[in-house]
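Peer 1: If you want the building blocks of each chain, they are given just below.
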Amino acid sequence: MVLNMSADNKILILGGGQAAAQACASLRQFGYDGPIDVLADENDLPYQRPPLSKAYMKGELDRERLYFKMQDWYQNHDINLHLGCRAETIDRNARTVIASNGEAFDYHTLIIATGSRPRPLPVPGAERTNIFDLRSLADVDQIRPHMQAGQRIVIVGAGYIGLEAAAVAAQLGLNVTVIEVADRVLARVTSPVMSEFFEAEHKSHGVVIETGRKVVEFTGSVRVEGVKTSDGDVIPADLVLVGIGITPNDELARQAGIGCDNGICVDRDGRTDDPSIFAIGDCARRPLVHYQRDGRLESVHNAIEQGKLAAAAIAGKPRPSEDCPWFWSDQYDLKLQIAGLSEGFDQVEVRGEPERRKFAVFYFKSGQFLAVDAVNSPAEFLVSKKLIISGASIAPEKLRDTTLSMKDIAAEAV
Amino acid sequence: MTKIIYVDHNGDERPIDAKNGETVMEVAIKNSIPGIDADCGGACACATCHVYVDGAFLEAVGAAQDMEQSMLDFAENVHDNSRLACQIVVSDALDGLKVTTPESQH
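If you read the protein sequences in the order shown, they are chains Y and G.
Read in order, the letters of the first sequence correspond to residues 1 to 414 in the working numbering.
Read in order, the letters of the second sequence correspond to residues 1001 to 1106 in the working numbering.
Calculated from the structure, these hints are not laboratory results.
Since we're looking at a predicted model, the values are computed, not measured.
Errors might be hidden in some of the hints.
Cross-link-like lysine to aspartate or glutamate pairs, in silico, DMTMM-like; alpha carbons within 25 Å at most [unchecked claim]:
id, chain 1, residue 1, chain 2, residue 2
1, Y, Lys214, Y, Asp267
2, Y, Lys358, G, Asp1039
3, Y, Lys386, G, Asp1080
4, Y, Lys386, G, Asp1073
5, Y, Lys386, G, Glu1076
6, Y, Lys317, G, Asp1073
7, G, Lys1019, G, Glu1059
8, Y, Lys358, G, Asp1073
9, Y, Lys335, G, Glu1013
10, G, Lys1030, Y, Glu42
11, G, Lys1003, Y, Asp62
12, Y, Lys335, G, Glu1022
Example chain Y residues on the side facing chain G (calculated, C-beta under 10 Å, incomplete) [stated by the list, open to error]:
id, residue
13, Ala55
14, Tyr67
15, Phe68
16, Trp73
17, Glu322
Where is the CB? At the ideal position from N, CA and C, for every residue including glycine.
Whenever a hint applies, use it, and build me the whole structure from the sequences.
Peer 2: Here it is as structure tokens:
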């Protein structure tokens, strides 16, 4: 056991997103008092991403309120933040990371929290101006001046990010078109019932939704002027947002020979196959204990939980409890709350009425309850979360009966 | 500056100078108040910033809205003075506000 609390227990964190920020806070909370260095390639203090496609994009939230902590918190907790500094290579033998500025940082324990990056759309014209990704604060700061009433915005990709941006743009008075290659919106993440509901909701706000269409070119001269689809149409555009998913930043780990499989493979504590290296957040592929499989989660819940799990393991504290994966999305006045992972479902039950904009879709596989998508239905969301954690299942037909409360239904779960 | 006093379940008090316009949750997070996790960042989506509001301030704080109330209905150890800290906006009227964090959030 090493008692020296200085150089022998240095922690180096790569990345400055939510997982990294959580790891910093949890390490100090769990009593680790050695040195912490954080290398973050963005220039901002660690900040919340969810509001970027919601309140911040809409101009309803000051920049400062995005930051988890202010600068002085890091100083007061003796955490060295190196902003605008990107990790380039990990030398596991020397336990050193070389950064973009040439500086070498040695570590006793390394936490990789490098996150993910937008998947590019490799079509001709992608280099034209006024085409934006929607991932970072810098992206949104560039987009916002263009979000003016009357402008024509084309959003490529009808996932949560694309639809949230579409809702903001519609509310700001832009002319909005969403292009999606799949035959329905949110196709990768939810059921046809939910897709239909959200599509109708956007249409009622004047958003044009074009599903089953593939983007083949961005037309224009220097600036983008149109989005060409495979059927030859060109949709006029003053600006374009591309939100077609993300790719984990696992290259540093790969190059260092750490096991990866669409993400850096880790155990329940976030530890990689190198016992002195952890990986947390979007870039990590972790055990999903409630589903008996591994997977990568792109969510706030995951960033916070893995930040805590890794910090606890490093500080020698008991493992914090693992929550059921959960997500949310705000569009217009709708709050969608998702508990669990619906992947692989073979049965759905709808509780409530989509027409009344308050309903929930429950997912089952071979009779086992998997997940819920709850629209303006927090009771359905919270009860489901508890059921998934406990491993209990509910009778699908009971859910249809809205005269039974969720508390009643939970009481009968087995 | 408005003073907000965070009280943990043992009764230990931490007075913090808060800016008007921020929420009681945001002030807690920026100052590392234990027991307020605020996993959703204030979207009223997680109920991990549940607090008990001191009786003297219940009126000034006001009642919970529908979504918040529904979240509270399923939180642990909810009392009549339970609120979600992310839904309480700091203002002059709240100067000296005491909020207590539930033991279950520690």
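Peer 1: Could you run down the list of hints and mark each one as holding or not?
Peer 2: Results of checking the hints against the structure:
1. Y/Lys214 - Y/Asp267: violated, 38 Å
2. Y/Lys358 - G/Asp1039: Between Y/Lys358 and G/Asp1039 the Cα gap is close to 24 Å, so the pair holds against 25 Å.
3. Y/Lys386 - G/Asp1080: Within the cut-off at roughly 23 Å; holds.
4. Y/Lys386 - G/Asp1073: Roughly 14 Å separates the two Cα atoms, so the pair holds.
5. Y/Lys386 - G/Glu1076: Since the Cα atoms of Y/Lys386 and G/Glu1076 sit roughly 12 Å apart, the hinted pair holds (cutoff 25 Å).
6. Y/Lys317 - G/Asp1073: At roughly 32 Å apart (the allowed maximum being 25 Å), G/Asp1073 and Y/Lys317 break the hint.
7. G/Lys1019 - G/Glu1059: Holds, because 20 Å separates the two Cα atoms, which is no more than 25 Å.
8. Y/Lys358 - G/Asp1073: Within the cut-off at roughly 17 Å; holds.
9. Y/Lys335 - G/Glu1013: violated, 35 Å
10. G/Lys1030 - Y/Glu42: holds, 20 Å
11. G/Lys1003 - Y/Asp62: The hint holds at about 21 Å.
12. Y/Lys335 - G/Glu1022: At roughly 22 Å apart (the allowed maximum being 25 Å), G/Glu1022 and Y/Lys335 satisfy the hint.
13. Ala55: holds, 9 Å
14. Tyr67: With Cβ-Cβ at 8 Å, under 10 Å, it holds.
15. Phe68: Nearest chain G Cβ about 6 Å off; hint holds.
16. Trp73: It holds, given that the least Cβ distance between Y/Trp73 and chain G is near 7 Å, below 10 Å.
17. Glu322: Interface hint status for Y/Glu322: violated (13 Å vs cutoff 10 Å).
Of the numbered hints listed earlier, those contradicted by the structure are 1, 6, 9, 17.
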